[in-house]
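A.B. asks: From first to last, the protein sequence lines stand for chains V and P. To convert, note that position 384 of the first sequence is 384 in our numbering; the numbers rise steadily by one, no gaps. To convert, note that position 70 of the second sequence is 70 in our numbering; the numbers rise steadily by one, no gaps.
A couple of the hints might just be wrong.
[As the list claims (entries may be wrong)] Under 8 Å between C-beta atoms, here's a sample of chain P residues computed to sit facing chain V:
1) 50
2) 52
3) 89
4) 135
Hints are computed from structural coordinates only; laboratory data are not their basis. Each residue gets a CB set at the ideal place from its N, CA and C atoms; glycine is no exception.
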Amino acid sequence: MHNTYTHGIHLTAMLAILLFAVLANIGCGDQPLFDEMAESRLKVVIKGTFESNAPGSGTWVGLPTDDSINDITPSIAAPTVLMLDFAEMRIASASGGSEDRFANYRQTYSVPLNDSNAFFDGTGVEFRCDDVKIDKTYGRVKLYIRKMIFNNAEQYYLSDSGVWSSGTPAETIFREEDVYGLDFNQLMVNAYYDSLKENADDINRVFPLSIPIDGGFVYGENDGEVVLEIRLVFKDFIKQYEYDYYDEDGRHAVYHFWGLSDWLRDVQADERAIGGNLHAVARVYNPDDVGIISGTTVGSGWVIAIPSENDLGLPQSLDDYFIPAGDRTRPAIDPPSSPYLPAANSIESYLDYYLQYEKYKVDYNTFVTAVDDGSYATDWNNYNVNVGEFRLPPLVTWSNGGAYTLTNVPRGVTYNLYFVASGNVGYGELPEEAGDYSASGSNPVSVGDTVNFP
Amino acid sequence: MMKYCRFVIIVTLVVCTASPLLARRKSQDFFLKPQAGVWFGPITPVYTTSEDVETRLGGGVFARYNLPWAPLKLGVDASYQHFKSQGVKELTLWPVYGNLLFRLPINLPLAFQFKLGAGGSSVEIQPEDQQQWDPLFMVGIEGSFPAGKWVNIGLRIDYLLIYEKHIEGAQRNGHIVNTGITLYLNIGI
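Using the sequences plus the hints, can you model the full thing?
C.D. replies: In C-alpha cells:
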C-alpha cells in the first residue's frame with residue numbers, strides 16, 4: 001500500500017514536471033530575437049562631401065596654402081590618402097545629453113583622395129552600429145575621432161645658424177603601424193577661440209565631434225531599415241598649414257601639413273589650434289519612404305534643399321543655415337605672440353629678438369587695455385556665437401549646368417530649394433548668407449516635383 | 001575450546017552490533033531526499049551570442065525530487081539572467097525548465113550528477129524592446145559534497161540552448177553557459 005502510494009507521488013511529480021516543460025513551450029514567439037539582436041535595422045553611412053548625393057568632380061592637386069605659413073614656403077606634395085580612426089559613435093538628445101552608445105566599435109578608414117572612392121563619390125562608407133532605442137527622440141550624433149591624417153606632411157628644423165633644413169616626411173601611427181603623414185586631429189581639439197579661454201584644456205571639439213541631426217530622429221518600433229547619413233566636409237576643403245613648435249633641444253621646428261580649410265574659423269600665423277573647421281551634419285531617412293526632386297539649372301553649382309519648416313513648425317530659409325561673411329571676421333584684439341630666437345649663434349639674431357621683444361611688450365600693454373575694458377571678451381564671445389550658427393543643409397547635390405537630381409528625399413514634408421552658382425563659392429569655401437544663393441520661385445516643393453532654376 | 005567459544009561469541013557480538021550500524025549508514029543517504037536550493041555565478045554567452053552581449057553574474061533556484069530508480073532525480077530550475085554589452089544591446093533571460101539528473105554511482109562523499117533538460121525561456125532584447133518565450137534545451141554537470149545532513153554545497157556548469165532556428169528565417173540560436181556555486185537543502189529528514 002505504502003509502495004503504491006509512493007509510486008503515485010513519483011508519477012505525479014514526473015508528470016507535473018513534464019507537463020511544465022511542455023507548457024513552457026506553448027505560446028513561444030515567432031520572432032528571431034537573436035538575429036534581431038545581432039543585426040541592425042539602422043545603417044550609418046559617412047560621406048566626406050558637402051553634397052548628400054552626386055558631388056561634382058573634386059580638386060585633388062594644386063591645393064591652397066593657408067596664411068598661417070609664415071616661416072618657410074616650400075611646397076609639399078598634395079595629399080593622396082586620408083586616414084580616419086573613429087573610436088566610436090554615440091547618439092544623444094538635441095541638447096547633447098541622454099546619450100546612447102549605439103555604435104561602440106572602433107573603425108578605421110584609409111581613403112584614397114579621388115572622385116571614385118565611396119567616401120567622396122556620394123555613396124558613403126558604412127559605420128558598424130547597433131539599433132537605437134525605440135520611440136526615443138534623438139537630435140545629435142557624437143563621433144569620437146581618434147585620428148585624422150593626411151599623408152605628405154614634412155618637417156623642417158631651424159639650425160643654430162638660422163638656416164632651415166630640407167623637409168623630412170612626418171611620421172605618425174595609424175592602425176598600430178607607422179605611416180607617413182600628420183595627425184591633424186590633435187590640432188583640431190580646440191578652435192583658436194577656445195585656446196584663448198582659461199578652460200581650454202577642458203574643451204574638445206573632436207572627441208566627440210557633436211553633429212546635429214537635421215530634423216531630429218525618432219526610431220519607431222515598426223520602422224524598417226533606416227539610414228543615418230553623416231556628412232563630413234573633406235572634399236574640396238583641404239588646405240596646407242604650418243605648425244610651429246620647439247623640440248626637446250630647444251630647436252625651432254615646423255611641420256607643413258594638410259588639414260581642413262579655415263574658411264569658418266580663420267587660422268593665422270603661429271597659431272596651433274585649427275579646430276572648429278570640421279563641418280558636419282546628419283540626417284535620417286527610410287529608404288522605403290523617399291523620393292527625388294529633380295530639375296535643371298542653367299549654370300553649374302549646387303542645388304540645396306531644406307525642410308520648409310523647422311522642428312518647431314516655423315517657416316525657415318537657407319539664411320537659418322548659413323551666415324553672412326562679416327560674421328566670420330575675427331576680432332582685431334588678439335594676445336600678441338611672443339618672439340623667438342631664430343639663430344642662437346648670431347648677434348644679429350639676438351638684436352632682432354630684443355627688438356621684437358620690446359614691440360611685444362608694447363603690444364601686450366595695448367592688449368591688456370582691451371582685456372580690462374571688456375572689449376576683448378565681448379568681441380570674441382560674439383564672434384564665437386556668430387560662427388557657431390553656421391549649419392550644413394541636409395540635402396545638397398551638384399549640377400554641371402543642366403539636369404540635377406536630389407535623391408533619398410524623405411516624403412511627408414515640403415522643402416525650400418536654392419541654387420548656389422559655382423562661381424560664388426571657391427575651393428575651401430562654403431556658401432554664405434547674403435548673395436551666394438537664389439531661392440526657387442516654386443518653394444515650398446514636394447518630393448517628386450520638378451524644379452528648374454532659370 | 002573455551003577460548004574458541006569466547007572468540008566466536010565476541011565476533012558474533014561485534015558483527016551483530018556492527019550490522020545495524022552499517023545498515024543505518026546505508027539507509028541515511030540524505031542525498032536521496034527531496035532537495036531545494038539556489039545557485040549564483042557567472043553567466044556567459046558563447047558562440048554567436050557572445051558577439052552581442054557579455055558575461056555577467058546571474059543566479060537561480062531549483063528543486064529536485066527522487067525517482068524510484070535511485071540514481072535518477074527530476075528537477076525544475078528557474079533563473080534570472082541579464083546580459084549587457086559595451087553598447088546599447090541588452091539581453092534578459094528567464095529560463096525555466098525541467099531536467100532529469102543522473103547521479104554517478106561512485107561510493108564517495110562527493111556526488112556527481114549529469115543533467116539533461118528542456119523547457120522554455122523568456123527572451124527580451126534591448127534596444128528593440130521585444131520579448132517572447134522560446135524553447136530551451138540544456139545539458140549540465142554538477143558536483144557537490146554534503147555539509148551535514150541538511151546542506152549540500154556544490155559547483156555546477158550548465159549549457160543552455162535557446163532554440164530559435166525553428167522560426168522561419170532565423171539564423172541563430174541563443175547559447176549560454178551558466179557556472180555557479182550552488183547551495184541546496186535535503187528536505188524531509
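A.B. asks: With a cut-off of 8 Å on the beta carbons, see whether residue 135/P makes it to chain V.
C.D. replies: holds, 5 Å
A.B. asks: Are residue 89/P and chain V close enough, Cβ to Cβ, to be under 8 Å, as the hint says?
C.D. replies: holds, 6 Å
A.B. asks: Hint check: is the beta carbon of residue 50/P less than 8 Å from a beta carbon of chain V?
C.D. replies: Where the cut-off is 8 Å and the nearest Cβ of chain V is about 11 Å from residue 50/P, the hint is violated.
A.B. asks: Restraint: residue 52/P near chain V, CB-CB cut 8 Å. Satisfied or not?
C.D. replies: holds, 5 Å
Violation of the numbered hints given earlier is confined to hint 1; every other hint is satisfied by the structure.
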